[in-house]
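Going line by line, the protein sequences match chains A and B. Using UniProt numbering, you'd call the opening residue of the first sequence number 1 and step up by one each time. Using UniProt numbering, you'd call the opening residue of the second sequence number 1 and step up by one each time.
Please note that a few of the clues may not be correct.
[What the hints assert, rightly or not] Derived contacts from chain B toward chain A, CB cut-off under 7 Å, selection only: (1) Leu-221; (2) Val-229; (3) Ser-259; (4) Ala-262.
What the hints contain is simulated information worked out from the structure, not anything from laboratory work. Nothing here was measured: the structure is a model prediction, and the numbers come from that model. We treat Cβ as the ideally placed atom computed from N, Cα and C, and that holds for glycine.
Number of protein chains: 2
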Amino acid sequence: MSIYSASTTAPVNIATLKYWGKRDKVLNLPTNSSISVTLSQEDLRTLTTATTSPDFAKDQLWLNGKEESLASERTQHCLQDLRQLRRELEEKDSSLPTFSQWKLHIASENNFPTAAGLASSAAGFAALIKAIAKLYELPQSESELSKIARKGSGSACRSLFGGYVAWEMGKLEDGSDSKAVEIGSLNHWPEMKAAILVVSADKKDTPSTSGMQLTVKTSDLFQERINNVVPKRFEQMKKSILEKDFPTFAELTMKDSNSFHATCLDSYPPIFYLNDTSKKVIKLCHAINEFYNETVVAYTFDAGPNAVLYYLEQSEDKLFAFLYHLFQNVSGWESKFTKEQLSQFNAKFDEIKDDVSFYLDSELHQGVTRVILTRVGPGPQDTDLSLIDSATGLPSN
Amino acid sequence: MSIYSASTTAPVNIATLKYWGKRDKVLNLPTNSSISVTLSQEDLRTLTTATTSPDFAKDQLWLNGKEESLASERTQHCLQDLRQLRRELEEKDSSLPTFSQWKLHIASENNFPTAAGLASSAAGFAALIKAIAKLYELPQSESELSKIARKGSGSACRSLFGGYVAWEMGKLEDGSDSKAVEIGSLNHWPEMKAAILVVSADKKDTPSTSGMQLTVKTSDLFQERINNVVPKRFEQMKKSILEKDFPTFAELTMKDSNSFHATCLDSYPPIFYLNDTSKKVIKLCHAINEFYNETVVAYTFDAGPNAVLYYLEQSEDKLFAFLYHLFQNVSGWESKFTKEQLSQFNAKFDEIKDDVSFYLDSELHQGVTRVILTRVGPGPQDTDLSLIDSATGLPSN
């Protein structure tokens, strides 16, 4: 069997200026521009292998070893767009194999539990688009490919870049100007780290797609957010990233998370993603910043109760004096720190604890199932790993 | 000792269109008009006796039997205004005793635990103003007196009226047009009932005065609320009350509660009053309305986690089939219903339970400490009860 194959990894990104609301549901065009930080693929990534062969009978997809449907309208849009770009190449150069007419076998795996509610769809669609683009040897730029990823899952467009990424909402009806661009590379501001507190959810939250639609339709405050609040904040946040101004970046990030969740609460019926644990983490972050009289940490929450805490490497000791004290019983620390390093966080806490006047809830860790320690990272990466057996065209395992 | 005495009771009111934000902190002038329902004094009321005598050495206040300071700026404003009005009477009629120059002894008692977090300051200031006005035989209308009550506690102005009350924000800098007016009397729409679920609070919430100031100062969405959302909703809600249109009244009430809490969440640092129990009650109300395909109940939350549920008398069976099922272990039912009546709520639930497809959290009652069953009620009432001994000028007990 003659099988062509390409593999890539793609990162998760966590928005600091939130995407919430579509102006076009089919094309995934947003009601506002957004900004995110791309996270390191050492900790959170999707690995995808795309293969094609004249012998494949149908398009097939395996996610984490299990066959899944490719039938969703969104996935089909992505595949159509990629095949169209390949067709254009083939029309210009008849010596190319006619991949655009062959079926695809795709396998994809996350290195983190999907159950954690860490919006894996962004990494998933970014890896899918990137792996096929690599297989097809498409010459399009990352921004061009981001428009295809966007059709799969809005926020996926931002996972085509590393570092600090903007998704410019665009104005055109066909979405051709709604794309991701780099604000600053990983190397521009490499000190940004993230601690993710995976918070136990009571039950399934409102899915983000239907949640957004409800907010757009029913929230009286939403128009103010998209027309006035976000456009101003977008420029301010871009500037804070370019100037590596963490206090401003942090404040805008926290405010935007709150603003997004406020419009959810203002929806009818209201949507709640933050639970009591989330709120305690928010209060903790403000208390820590106040304690040090310095902006050490910023929180942000997506459409779920998980807290993503951004901080700079140089503030890690200050932050972890509190975080490790409160969450040391939760797994996730050992993979990043030696026992000695961890004991230093405890020592740091012991040094300051007499000056701590705010309430430290010793039960707080009970609402958190896992800590993921990571940092800003690069965009999709080529890899020699392959999830599909080149002899059979089926998943390797 | 020659002692003059007057006593009154005053009600609690629970806003359905929320007051949140001051444009003048000293005069308690609000950033938006608000609407409330006055609750029955059988269940929630303050009783206040005001006495005066040329022999009293100083102004004194006893709250629930304990001496409290009258020194707060707000209380002083109220006393000054009332004495000024009395002085005007005395100047016109020299036969009147010169109460305006004498000291006051005031005693006040609530028939409900202040710990329940049921904003007792509204009833308290309304009763204070009304008792002194009665003692002074002031000819001013309730609306005129409401301006004085407003200076004590903003929402107190609405407790000068029974039934359905608007607090018109006014435009003048001196606050002389910021007053309460009746939208509809108790008899206009007497079927309105309220079930208050007293929710256990984790710890002290942000006090409403400082909370408001923070929202006005920091929330980006707040201006939209006060400039556009509330003015429109105010007219719609007034109309729904005049037309006794419960579905519209209920929807506006729920939306306004959510909008107010959304601006709290949009404050920086964010303010949270709703806890996980509050949110579950919100979801329950929406589920009940959906179940009956009819608007049976409306929720509203003030600056705390307590839920106030408004409903019409004719829907009580429908609502209590669920509420009694979920909260029968919580005290508050026995004082209003016989055992047989309560068993009928259970029977009603048994009838419908097979059709209930939404989740009924059997632990939900654990977050609720007490149920208060009440209804729309009249404004302040004269009473022959007195809390002050006419011989000593001191509290009776």
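Hint check:
The closest approach between the C-beta of B/Leu-221 and any C-beta of chain A is roughly 5 Å, which is under the 7 Å cut-off, so the hint is satisfied. Annotation: B/Val-229 was flagged as interfacial toward chain A, and the flag holds, the nearest CB pair being 5 Å apart, inside 7 Å. Taking 7 Å as the C-beta cut-off, the interface hint given for B/Ser-259 holds, the closest approach to chain A being about 5 Å. Hint status for B/Ala-262: holds, given a least beta-carbon distance of 4 Å to chain A, under 7 Å.
In this structure, every one of the numbered hints holds.
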